[in-house]
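In the order they appear, the protein sequences are chains X and C.
Residue 273, in the UniProt record's numbering, is where the first sequence stops; the numbers in between run on with no holes.
Residue 273, in the UniProt record's numbering, is where the second sequence stops; the numbers in between run on with no holes.
Hints in this document: simulated from the structure, not taken from any laboratory.
Where hints are given, some of them may not hold.
Which copy? The list can't say, so a pair holds if one copy fits it or any two copies do.
[Claimed, not checked] Below, a list of computed lysine-lysine pairs in the DSS-like style, where the Cα atoms sit at most 25 Å apart:
#: 1; residue 1: Lys80; residue 2: Lys202
#: 2; residue 1: Lys3; residue 2: Lys202
#: 3; residue 1: Lys3; residue 2: Lys80
#: 4; residue 1: Lys41; residue 2: Lys80
There are 2 protein chains.
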Amino acid sequence: MNKEDYFIGCFAETPFIGDDAAILNDMCISQDAFFENVHFKREWMSLYEIARKAMLVNISDAIVMNGRPKYALLTVAIPKHYTRKELKELARGFQETADAFGITIIGGDTIANIKLDISITIMAECSRPILRSGMKEGDLLAYTGRLGESRRDLQRLLRGASVNPGSRFVHPVLRDRFFYKAAPFIRSAMDISDGLFHDLEKLHRANRLGFDFFVPIPKPVGCSGEEFEVLFAFDPRHEKRIRHIARLTRTPLTVFARAVRKPYHNLCRPNHF
Amino acid sequence: MNKEDYFIGCFAETPFIGDDAAILNDMCISQDAFFENVHFKREWMSLYEIARKAMLVNISDAIVMNGRPKYALLTVAIPKHYTRKELKELARGFQETADAFGITIIGGDTIANIKLDISITIMAECSRPILRSGMKEGDLLAYTGRLGESRRDLQRLLRGASVNPGSRFVHPVLRDRFFYKAAPFIRSAMDISDGLFHDLEKLHRANRLGFDFFVPIPKPVGCSGEEFEVLFAFDPRHEKRIRHIARLTRTPLTVFARAVRKPYHNLCRPNHF
Chain X
1 MNKEDYFIGC
11 FAETPFIGDD
21 AAILNDMCIS
31 QDAFFENVHF
41 KREWMSLYEI
51 ARKAMLVNIS
61 DAIVMNGRPK
71 YALLTVAIPK
81 HYTRKELKEL
91 ARGFQETADA
101 FGITIIGGDT
111 IANIKLDISI
121 TIMAECSRPI
131 LRSGMKEGDL
141 LAYTGRLGES
151 RRDLQRLLRG
161 ASVNPGSRFV
171 HPVLRDRFFY
181 KAAPFIRSAM
191 DISDGLFHDL
201 EKLHRANRLG
211 FDFFVPIPKP
221 VGCSGEEFEV
231 LFAFDPRHEK
241 RIRHIARLTR
251 TPLTVFARAV
261 RKPYHNLCRP
271 NHF
Chain C
1 MNKEDYFIGC
11 FAETPFIGDD
21 AAILNDMCIS
31 QDAFFENVHF
41 KREWMSLYEI
51 ARKAMLVNIS
61 DAIVMNGRPK
71 YALLTVAIPK
81 HYTRKELKEL
91 ARGFQETADA
101 FGITIIGGDT
111 IANIKLDISI
121 TIMAECSRPI
131 LRSGMKEGDL
141 LAYTGRLGES
151 RRDLQRLLRG
161 ASVNPGSRFV
171 HPVLRDRFFY
181 KAAPFIRSAM
191 DISDGLFHDL
201 EKLHRANRLG
211 FDFFVPIPKP
221 VGCSGEEFEV
231 LFAFDPRHEK
241 RIRHIARLTR
251 TPLTVFARAV
261 RKPYHNLCRP
271 NHF
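Please work from the sequences and hints to get the whole structure.
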């Protein structure tokens, strides 16, 4: 067991933990960290882009649970030397991203720190939540978008090269338009944050089902994390309808596997501490 | 204006920001950071004590708004070298403190980091919230507990000396028993986190009223932060009742000033970046 799983296992079991968000009275609530030198390096992105991505990765959790994000709390630890211009750019990244999704920033905390560490809580209206569990034997598995760019661009950044300004690693594209329309036909969903193969392992654990792949997925695609595309399962009788919604919303869609009773082994290296 | 106020001023105004917690549908929601080398040093406290204090300072915000804390989300950034024993001790500090207040930990995030940085969101049932605003001219001001120990012990720790294991700096004592009983007679409240004189400035701003002190308060008392005692205002006709509740719950109480129309100047040095 890795240390993260060990630490989480030290807590009392609750019915809420383990999904992308906890569900309470028709609200989905999630909290995620976006820390300098853990999730990003300062030289990779502008402060505006950092604040935007911090918001987007949190909003992504709400969307894949079929929640409408409404409120955010921001805790921002900021180096003392940041200028007012830098603070303003950072705030603009948070505020404009919140505005784009109709989110009101209702509170949080600001402290001085040696690096820029962001922690965000998103509260979403979630009257018909979609969980990781819920997948049934025979369901089809699909993901949105084209996977692989995020990992490739992360590797470029790590060796000091630059990436396209429109890179998904810098600017994740969320699939809210597709997902909300398709939600009535989806049984189980999560966002691809650790990588398709990693995240399939979570679906496997939540549903005790494995997968028969009928589309081969190369490792650079299956092991690419931080894609924030949607991985989901649905009853095969909805395939046509879901493909139609994907075309309508111009969302690339790959239907790649079927849920079956068998074990599953993730081929990627573990990426948690 | 300090950088913290400047940064907060960059955001769209919302009716929620500025109190100890935001209020949403009978819930009080607050998020606070508790970061290594910002709020504590590793050698000052055990991991159990760090986790406990991180929880308590967040729970304090809920209590002084007259909220009953119900749920917590924890984001914990942990150094990679922490052993399982250390992780267990940390988790125990969070869990036991949550249990003591009837709080369910519903989610959060765990990441590897260079230092131990904790960010907690507390959600509290809050059907009759008490705000910072609400104080009226002629109201009496009071605080619970004996102030000064936290500052004195912080100074000891900063110069490498040790403190009493029961120090309020290590183990804040919350006044939930007193406060919930007294709440029907309280018009305005907040916890003393930055120091009495600092926090009076916040009451001053929220209510446009100053204070006539009839109990002299020395600077080492008025400038002592992280006390997590309660500062509150009430109609003088409730004084007897409030003093009675304080005796009943064995809560030291100092009624020290009256709210009047005049300016207020905080005598302490600013402690935010």
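Verification of the supplied hints:
1. For a Cα distance limit of 25 Å, the shortest separation of Lys80 from Lys202 across copies, 23 Å, qualifies, whereas the shortest one inside one copy, 39 Å, does not.
2. In the homo-oligomer, the alpha carbons of Lys3 and Lys202 lie at most 25 Å apart inside one protomer (17 Å), although the nearest pairing across protomers, at 42 Å, exceeds that limit.
3. Only between protomers do Lys3 and Lys80 lie at most 25 Å apart by alpha-carbon distance; the minimum there is 9 Å, versus 32 Å within a single protomer.
4. For the identical chains of this complex, Lys41 and Lys80 are neighbours both inside a copy (17 Å) and across copies (18 Å), given an alpha-carbon limit of 25 Å.
Hint check: no violations occur; every hint is consistent with the structure.
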